[in-house]
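Keeping their order, the protein sequence lines are chains A and B. Following our numbering, the numbering of the first sequence begins with 1 at its first residue and continues without gaps. Following our numbering, the numbering of the second sequence begins with 1001 at its first residue and continues without gaps.
Certain hints may be false.
[To be verified] Derived BS3-like pairs: lysine-lysine, alpha-carbon spacing no greater than 30 Å straight-line: (1) A:Lys56 x A:Lys13; (2) A:Lys56 x B:Lys1035; (3) A:Lys56 x B:Lys1031; (4) B:Lys1031 x A:Lys13; (5) A:Lys262 x B:Lys1035.
Worth flagging that the hints you see were computed from the coordinates, not collected in a lab. In this text, all values refer to a predicted model and were calculated from it rather than measured experimentally.
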Amino acid sequence: MTIAQVFDYQRPKTLDEAVQLLAEHGGDVRVLAGGTDLVAWLRDDAVAPDLLVDIKHIEGLREIVDLGDALSIGSLVTFADVLNSDLVESRLPIISEMSATVASTGIRNRATLIGNICSAVPSCDAGPPLLVHGAIVHTFGPAGSRQISIDDWFLGPRQTALTVGEIVTKVVVPIPPGGHGAAYVRLSRYEGEDLAQASVAILAPADHRFRIAFGAVAATPLRARRIESLLEGRAITPDLIAAAIALVPEEISPITDMRASKEFRMRMSEVMLQRGLRASVERLEGNGPSYGTNLM
Amino acid sequence: MRTDISVTVNGEPWLLTVEPSDVLLETLRSKVGVKSPKIGCERGDCGSCTVLLDGHTVRSCLVLSVEVDGHEVVTIEGLNDEGLTQLQQFFVDMNSFQCGFCAPGIVLAAAELLDENSEPTRADVQEAIGGNLCRCTGYDPIIDAVLAAAGAGRGTQ
Chain A
1 MTIAQVFDYQ RPKTLDEAVQ LLAEHGGDVR VLAGGTDLVA WLRDDAVAPD LLVDIKHIEG
61 LREIVDLGDA LSIGSLVTFA DVLNSDLVES RLPIISEMSA TVASTGIRNR ATLIGNICSA
121 VPSCDAGPPL LVHGAIVHTF GPAGSRQISI DDWFLGPRQT ALTVGEIVTK VVVPIPPGGH
181 GAAYVRLSRY EGEDLAQASV AILAPADHRF RIAFGAVAAT PLRARRIESL LEGRAITPDL
241 IAAAIALVPE EISPITDMRA SKEFRMRMSE VMLQRGLRAS VERLEGNGPS YGTNLM
Chain B
1001 MRTDISVTVN GEPWLLTVEP SDVLLETLRS KVGVKSPKIG CERGDCGSCT VLLDGHTVRS
1061 CLVLSVEVDG HEVVTIEGLN DEGLTQLQQF FVDMNSFQCG FCAPGIVLAA AELLDENSEP
1121 TRADVQEAIG GNLCRCTGYD PIIDAVLAAA GAGRGTQ
């Protein structure tokens, strides 16, 4: 099936040029990076742009930079780039662990991490790990640069805080001082090419100020702040885990669709939280399962 | 807005006129005449349209033709100048495929794996072809052949 739409295509060499193209065309323009979502959406007529602005020829956007207390991941960094990065593996292992669960190699070679949060489907894998790390999304637009907390990024299914004319340039992902453990636990029907039925990311820093975020169980990926408050500063015991699990129904609102029922998603989210909490604390203490181990 | 692109396909330079909405899979099949990338799900799920773009597997159903301007595309026709690669020979010898619809994609996915990892485990092979659906074989004879090719040295040569 061909794409039954007519649109123009531009390939700017600089960010300024790209932003100018976006400004000229207003709302009917789409930024093209890896295209693994966008081309499928064009085929489905889910989007109908007049113009695609391909940002792959803009220099400097495909970099992973060590900022000391954070890593900066550019908007052209693919999931395959993330998996090939020793820097990410050593400093932000949950980002590597998450990236390995995304689709399959042929998609990861093309799909970008930032494209994943720009598509902003509720099951997007990059959402929960970036939420627990308190990432900052950097954008560039006609009014200059903006920094948007990932907490304010996801507005609804396929809706983000990005305004018309803006391009995401990078995401800066803070690394907690003093070591940390983390876990990304993902439920899917089979390994390989499947979207998450449910997911949870857990960050266990040295001071036990836990951060927890769920994916695919609400309109957007979201932080579980009640559970975070319950766990703050405490040692993880079986009783505390039971109390945390009891709060899951207050945090998430899964729906039934072709991939899972809401009841299944709810129950499995509880199981995933339990396993992820244990694994992240064990990893913090240096005796957990290696990152990438499937906990489901 | 028709655009001229230049792209290398299986070592041959091509100058093509395409529309922005033309998808690489269709351009390869209809304009270049390379038929090994198969039209399957056309949404990136099945892997039957896999090609190598600058040496890495991509879904040609999710790449616009204008995007490959100045780049290099390889399909199984271009893997080897002289007949089958060793990996392909193992697939033949071990009767790995039945209908063959998934074979071009799986050959390329396995070739990319062996390019980067000369001693893959069974799990590595399963992961590498995890995005390529086969509805005939149950995958075992495919995985066996990839491991045999790896065991025999370089699978892609």
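| query | Under the criterion that the straight-line Cα-Cα distance not exceed 30 Å, is the pair Lys56 of chain A, Lys1031 of chain B satisfied? | reply | With a Cα-Cα distance of about 25 Å, the restraint between Lys56 of chain A and Lys1031 of chain B holds, given a limit of 30 Å.
| query | Are the Cα atoms of Lys56 of chain A and Lys1035 of chain B separated by 30 Å or less? | reply | This hinted pair holds, its Cα atoms lying about 28 Å apart.
| query | For the pair supplied as a hint, Lys1031 of chain B and Lys13 of chain A, is the alpha-carbon distance within the 30 Å limit? | reply | This hinted pair holds, its Cα atoms lying about 28 Å apart.
| task | Could you grab the alpha-carbon distance between Lys262 of chain A and Lys1035 of chain B and see if it respects the 30 Å cut-off? | result | 43 Å, violated
| If you draw a straight line from the CA of Lys56 of chain A to the CA of Lys13 of chain A, is it 30 Å or shorter? | The hint holds at about 8 Å.
In the structure shown, a violation is registered for the earlier hint numbered 5 alone.
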